[in-house]
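Participant: Letter by letter, the chains look like this.
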Amino acid sequence: GAVVSQHPSWVICKSGTSVKIECRSLDFQATTMFWYRQFPKQSLMLMATSNEGSKATYEQGVEKDKFLINHASLTLSTLTVTSAHPEDSSFYICSALGAESYGYTFGSGTRLTVV
Amino acid sequence: RKEVEQDPGPFNVPEGATVAFNCTYSNSASQSFFWYRQDCRKEPKLLMSVYSSGNEDGRFTAQLNRASQYISLLIRDSKLSDSATYLCVVLMDSSYKLIFGSGTRLLVRP
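Protein sequence lines, in the order shown, are assigned to chains A and Y.
58 is the number that the working numbering gives to position 58 of the first sequence; each next residue is one higher, with no gaps.
1013 is the number that the working numbering gives to position 13 of the second sequence; each next residue is one higher, with no gaps.
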């Protein structure tokens, strides 16, 4: 079945630094990638939608200059949290949609802790 | 008003019990609906799609009432392994965005 590999699974970084999270589709082409954030005991909140080769579309309230999304190829999308602060500590997860199937394939998530 | 609303629980039930979860959605134009399961600190996994005619998968039954904008999930003969958070999810067909409810936590005790 379709697999999305997400790395790192967890990361601890200092306040002010940047962190890059990668999602790779291993056996299919991800035409669209969705990036979510989940705070403890809360729902997955959609941050942005990216289509291969074009700029990401951000949800209301999500700072595009802080959360940089790149979807340069059909198998790789990245989310970079720039100048991270403790309030950015959360569970970040990607979900890929391929052209050849109707299913959504989720990455395993990245737990970010900013200290 | 949230787009997808669920009772957060937790529902604490003994093994073998039947438990029902409810969900309401606000966008009447929504076309596709799902139940996902999420274990602690893991990604959500698709449990089942929800159709107007109702659908069953083993011990799980999902139902959709479009007039009331209401979705349900029934779990019969609960197992310890059913302990998880159950997420009600609505697909925005025009954008392919999945909108998640906040989830209902289920604890099945021996």
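Rather than coming from a laboratory, the hints here were simulated on the basis of the structure.
Be aware that a few hints might be false.
[Stated by the list, open to error] The calculated lysine to aspartate or glutamate pairs, modelled on DMTMM-like cross-linking and capped at a C-alpha distance of 25 angstroms, are:
| no. | chain 1 | residue 1 | chain 2 | residue 2 |
| --- | --- | --- | --- | --- |
| 1 | A | Lys41 | Y | Glu1056 |
| 2 | Y | Lys1097 | Y | Asp1007 |
| 3 | A | Lys66 | A | Glu87 |
| 4 | A | Lys41 | Y | Asp1039 |
| 5 | Y | Lys1045 | A | Asp65 |
| 6 | Y | Lys1002 | A | Asp27 |
| 7 | Y | Lys1002 | A | Glu52 |
| 8 | Y | Lys1079 | A | Glu59 |
| 9 | Y | Lys1002 | A | Glu22 |
| 10 | Y | Lys1045 | A | Glu59 |
[What the hints assert, rightly or not] Listing some non-contacts, in silico: residues in chain A with all C-beta distances to chain Y over 10 angstroms:
| no. | residue |
| --- | --- |
| 11 | Asp65 |
| 12 | Thr80 |
| 13 | Thr113 |
[Claimed, not checked] Reference listing, derived: stretches of chain Y covered by chain A, where coverage requires no fewer than 3 residues with Cβ under 8 angstroms from a Cβ of chain A:
| no. | stretch |
| --- | --- |
| 14 | 1019-1025 |
| 15 | 1093-1106 |
We put the beta carbon where it would ideally sit given N, CA and C, even for glycine.
Participant: Provide an ascending list of the numbers of those earlier hints which the structure does not satisfy.
Facilitator: 1, 5, 6, 7, 8, 9, 14
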